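Peer 1: Take a look at the letters that make up each chain.
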Amino acid sequence: MSPGADTLLAGVREKDPRAIGRAISIVEDGGPLAASILAALEHPCCEAALVIGVTGPGGAGKSTLTQALIAHYRTEGRRIGVVAVDPSSTLSGGALLGDRIRMMRHALDEDVVIRSMATRGRAGGICAAAGAAVRVMAYSGCEIVLLETVGVGQAELAVVHLADLTALVLAPGLGDDVQAMKAGLIELVDAIVVNKGDQPAAQALLAEMQAVAAATHRAVFCTSASDGTGVAQLAAGLGELADTLRQSDRIALRRQAARSIEVMDWALELLRPELKAAVAALGPLSGEPQALARLAIARLKATEE
Amino acid sequence: MTSQPQPHGRVLIGKPGLDGHDRGAKFVARALRDDGFEVIYTGIRRSAEEIAAAAVQEDVDAVGLSLLSGAHNELFAAVLEALRNAKAEDIPVLGGGIIPEEDIPDLKRLGLRAVFTPGTPVEEILSAFRAAVEEHRKGRSV
Ligand SMILES: Nc1nc2c(ncn2[C@@H]2O[C@H](COP(=O)(O)OP(=O)(O)O)[C@@H](O)[C@H]2O)c(=O)[nH]1
Ligand SMILES: [Mg+2]
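Keeping their order, the protein sequence lines are chains A and E. So the number in the working numbering is just where the residue sits in the first sequence, counting from 1, plus 191. So the number in the working numbering is just where the residue sits in the second sequence, counting from 1, plus 314.
Since the hints were derived computationally from the structure, they do not count as laboratory data. Source: prediction; values computed, not measured. Hints may be right or wrong, so weigh each one.
Unchecked claim - Below, in silico cross-link-like pairs of lysine-lysine (DSSO-like), each with a Cα-Cα straight-line distance of 27 Å or less:
# : chain 1 : residue 1 : chain 2 : residue 2
1 : E       : 422       : A       : 206
2 : E       : 401       : E       : 452
3 : E       : 422       : E       : 340
4 : E       : 452       : E       : 422
5 : A       : 206       : E       : 340
6 : E       : 401       : E       : 422
Unchecked claim - On the chain E side, residues computed to face chain A include the following (Cβ under 7 Å):
#  : residue
7  : 345
8  : 353
9  : 356
10 : 359
11 : 420
12 : 421
Glycine is no exception: its CB is placed at the ideal position from the N, C-alpha and C atoms.
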């Protein structure tokens, strides 16, 4: 292992915020030290951490609820990680990452590790990078890692597969497009949270979700994230759910599935530059595109043998 | 597979102090995003320590501060000190706001990498961030 990676990993182990921040960037960017860091993260403590997905439409209160869950877990003395994923702009490659605004209450608590992450135009999905960030946090002693991701768009939603269990956050008054996406999201999650319970319109949404939940065996919770109402019940419910999933081996199965997604993401990520070179090496392209792609792949394989 | 452009780097935009006007901060944050930066925005009324801690956790290559309150000398100095205390003095800090010309040399001596005033063209702000980020990335040990 290179000395740089060694020092950095020791820093992560000692909960040094700078080392944690750097280590996440290195695995996210796939830099020269990434391989040694990723190898070291295959550690029992990374398996012990519970990963909870928090998804739902924008504006439902995911970040505020994440903040409230952090506050709750901190009263239990647990060290917490948060990975908050937001989409990159496809035009510029840039991103505006604002989830942290709602979590600043914990900015000075060194046992709350928060990281914003953009989907970027990755060849693979974001699961490779997000999964690695989760493991860096676990390696630094986080017992629970919350994964916030907006429930629209394939790239953003794929993150849910990394979680051991996932809560869908809904709120009243979010409009018709949310109505349309609800059914698809409910399939992916273990629990439904009706947030903004302080608003009168939440009652109708709660009744609707209770009916859906009865038919689909989902747990339903009502919270008011901004004042913390219902958050302790939610945390307790998620804990019970995690126990049940663990006992039935479902968490182990989900982690296997998550692994295969991460491996596929990395494979695409690592292959892309080589493929790009192989396509460029074909010279000026004319002819049937799929046949040309096959040719590029065939030549790439030939050079490796 | 997409061929989406890759980000220039990560920057944090913070608003220390008590004034609640974040139009300037948001304007710069959006301009940076549209130029290809990943921008972490921390919201208004942050303490210097909160801004430094967030910059470290997010591993940014530059910090941009926006101020209107007039207490710029103290607040900028406080953020620079908080970064030093967090062993992150290598992260360049750029500041903007309603700042009298005569204060700019002092602010630069204090350690601010660049100072922008309401008249600074946005292109100048973007290229200052680009240069700061590039230099920071080159100087990093790991
Ligand atoms: N009334 C009310 N507003 C809330 C509640 N939770 C969040 N909000 C507000 O809803 C808006 C969106 O919250 P945010 O956490 O950023 O949502 P996200 O986009 O899902 O992460 C913010 O203005 C919050 O203050 C709640 O329980 N009740
Ligand atoms: Mg959010």
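Peer 1: Of all the hints numbered above, which does this structure not satisfy? Sort the numbers upward.
Peer 2: 1, 5, 7, 10, 11 and 12
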